[in-house]
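For the protein sequence lines, the chains are E and R, in the order given. For the first sequence, counting from 1, position 364 maps to 364 in my numbering; every step adds exactly one. For the second sequence, counting from 1, position 340 maps to 340 in my numbering; every step adds exactly one.
Just so you know, these hints were derived from the structure itself, not from any lab. Careful, some of the hints might be misleading.
To be verified - Residues on chain R that point at chain E, a partial pick, calculated with CB under 7 Å: (1) Val52; (2) Val58; (3) Ile329.
Note that CB positions come from ideal geometry on N, CA and C, so glycine has one too.
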Amino acid sequence: MDPTDIARWQFAITTVYHFLFVPITIGLSAIVAGYEITWLRTRNPRWLRLTRFFGRLFLINFAMGVVTGIVQEFQFGMNWSDYSRFVGDIFGAPLAVEGLLAFFLESTFLGLWIFGWDRLPARLHAACMVLVHLGTLFSAYFILAANSWMQNPVGFGYNPETGRAEMDDFAAVLFNKVQLVTFPHVVMSAYMTGAAFVVGVAFWQHRRASVDEDRLMYRRALRTGAAIVLVSGVGVVVSGDVQGKIMTDVQPMKMAAAEALYDTEAPADFSLLTIGTPDGKEEKFAIKVPHLLSFLATGTWDGEVQGINDLRERYEQTYGQDPGAKYYSPGDYTPVIPLTYWTFRLMMGMGALAAAVAAWILWATRRDRVPQGRLILWAAVALPFLPLLGNSFGWIFTEVGRQPWVVFGLMTTAQGVSPGVSAAEVLTSLIVLTGVYGVLAVVEVKLLLTYIRKGADPVEDVTPSTSDRGDDQPLAFAY
Amino acid sequence: MELTTVWFILIAVLWIGYFTLEGFDFGVGMLLPVLAKDDTERRVMINTIGPVWDGNEVWLLVAGGATFAAFPEWYATLFSGFYLPLLLILVALIVRGLAFEYRAKRPDDRWRARWDLALIVGSLVPAVLWGVAFGNILRGVPIDADHEYVGGLLDLVNGYALLGGVTTLLLFLTHGAIFVALKTDGEIRHRARRLAGSVGIGSAVAAVAFLAWTQVDTGTTGSAVAFVAAALALVAGLVCARAGREGWAFAGTFVAIAAAVAGLFLALFPDVMPTTLADGASLTTANAAATTYTLKIMTAVAVIFTPVVLLYQGWTYWVFRRRISVQHIPQPQPQTQPETATR
Chain E
1 MDPTDIARWQ FAITTVYHFL FVPITIGLSA IVAGYEITWL RTRNPRWLRL
51 TRFFGRLFLI NFAMGVVTGI VQEFQFGMNW SDYSRFVGDI FGAPLAVEGL
101 LAFFLESTFL GLWIFGWDRL PARLHAACMV LVHLGTLFSA YFILAANSWM
151 QNPVGFGYNP ETGRAEMDDF AAVLFNKVQL VTFPHVVMSA YMTGAAFVVG
201 VAFWQHRRAS VDEDRLMYRR ALRTGAAIVL VSGVGVVVSG DVQGKIMTDV
251 QPMKMAAAEA LYDTEAPADF SLLTIGTPDG KEEKFAIKVP HLLSFLATGT
301 WDGEVQGIND LRERYEQTYG QDPGAKYYSP GDYTPVIPLT YWTFRLMMGM
351 GALAAAVAAW ILWATRRDRV PQGRLILWAA VALPFLPLLG NSFGWIFTEV
401 GRQPWVVFGL MTTAQGVSPG VSAAEVLTSL IVLTGVYGVL AVVEVKLLLT
451 YIRKGADPVE DVTPSTSDRG DDQPLAFAY
Chain R
1 MELTTVWFIL IAVLWIGYFT LEGFDFGVGM LLPVLAKDDT ERRVMINTIG
51 PVWDGNEVWL LVAGGATFAA FPEWYATLFS GFYLPLLLIL VALIVRGLAF
101 EYRAKRPDDR WRARWDLALI VGSLVPAVLW GVAFGNILRG VPIDADHEYV
151 GGLLDLVNGY ALLGGVTTLL LFLTHGAIFV ALKTDGEIRH RARRLAGSVG
201 IGSAVAAVAF LAWTQVDTGT TGSAVAFVAA ALALVAGLVC ARAGREGWAF
251 AGTFVAIAAA VAGLFLALFP DVMPTTLADG ASLTTANAAA TTYTLKIMTA
301 VAVIFTPVVL LYQGWTYWVF RRRISVQHIP QPQPQTQPET ATR
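Construct the complete structure from the given sequences, taking the supplied hints into account.
Rendered as structure tokens:
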């Protein structure tokens, strides 16, 4: 096997895996901070119980996000050293800033939050979680700026002497037009994910709670959660819509690949599903929404959408023979079309389904109604998985859709791989990391389920002691 | 001063931050089976670093990111060249990081024993391998004219680098033992103090040998001064540990590690990764660096935010300044009761 292929598999696996934990961290830190602030304002112990309960689940998830994140930072240099040499001047800067601004903030204030219940005044304690959330947003911003640069390189010049891309405008990199829509899109989907997690857990606990106060508490959690899913879902749609138009502008091939549109069309239809020949080049059966692709890509119902064949010719004129051709068919600038086609649909489908479930739950629990059906329980329990899958499909789409480029128009993925690292080494790394990740997934899910099943602690266990407790007393929290 | 030199210094500062801080929490992790006699004592030790270990580890992530940004060639050659050792370090840091959060989450002896093992091995492996890695960086590795590492795994195994590994291992053990003595009370504190004395002597011997070897090979006047300072600080720290002055003892090992790392970087300068090949090219602060524009931006960010980070990280240590002993460990742990509390 070619080391490039193995390195690509490793990047795909470690990144998709890492990004299961990231959106929950972003979304849940905001929600837990919200609970704690509400508790401070109302002094209703219900909110403190929710803070503690979801805070604990948050920590189990956060730990996985942290440790899998270390791999992310190392593997650019390990597997993609030529990429790192080529883009370090630009790509490294947001990464370093992310560490300095975001990682220190998150780790330090989370430590204070975990252990500080009896050490910090209540307001300061709540502020710690707010800072953790702020840290997650900084982190998202800088890493997405780095990724957006790969989709749409700006603010740099190519230096033929060093053979590197060199930054000449940091502001252009930070405020890349792709970045300005990608950030809200990703953050909104993260809120959606965190809130969907809360709804799933709270609905299930609500169903089994036998004490009135518990039922009321979980009801509050699931209704606020469902509302957040819906509102952020709207944000995901709006930002995603703008994103589609910008993508058509800067990466037209990706838009054509999203629809598997081979010939330029005006107006272009959007197919909900297509059954085609195995190579994806000929369709046998399709359900289509007329004019929709034109609207998604251009904002007008009759706009012209460039097809893969025309774009391939255009790309060949601009960039010459496809330098990444050995991965695909010769002279080809197209990504793997069935993959982009289906991930694009599944991304949107999962998001829409999640919003629909949230709306259903809100409707079914309106006023004081308590839905009894089996189906709604299953839907609620399945809800957290929908945005999680949607996130993964979205990332697979946007990264696969950029191929054969690693940095669009500048460097192909094949050119970026470490030349000095053997296939055996990358394979070792792939097997070891995948194995470790697999085991940890089982451990993490089991632990989460244990603590979800356990539910929120009773009031007397969560009420924090006053600060006048002596230094001989046990710690409020200990590992 | 040239910006590339400024960034060489800043990278050195980040590694100093990493080794002085995570150094002691590696030490605490490795000493878990040595200093603690039962589960409560193990928890005492883990909780001395519970609130801070993650912040300590971020120094490594920032060092990595800053190297990527300021010296892309260095980042690319180092990380792809030291591939398998870095993979080992990664796996160690993964299981170690989870051990802190997950260990106490189930009241099950086997579960805890496994996470204890993860914590011990996960601390031991990087404590040794970072020393080996720095030894190899100092000594030089086969790098060709294209800045590509062309050696194999065995090129990284040599007497000098292994001595580097033994040195970091023993230094971190000593640093960790003194930290435990400083942060705990009761039996465990005495045990830690005694151990610091014996391991400390070993660490002093290894450190003097390794630093002297470095000085003879690649040393400069600056590195000589730093190494002497490191040796003096280490000896002073060990004397203070014997006298029961734990705060001063910790300051001693802290300064010793900081000065030793500073000396290593001084001995390295202006190379960042020398080559051992006659027709190869050493990576230097000049040929491995990013552009002046990037370095300027990064300098501004570092100048503004590093003091802020130092302030709040320092404040965390102040918040959790009190000693922990067995009576502080909540029993039974409220967070691990298996029965459903809301029923």
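We went through each hint and held it up to the structure:
no., hint, verdict
1, Val52, "holds, 6 Å"
2, Val58, "holds, 4 Å"
3, Ile329, "holds, 5 Å"
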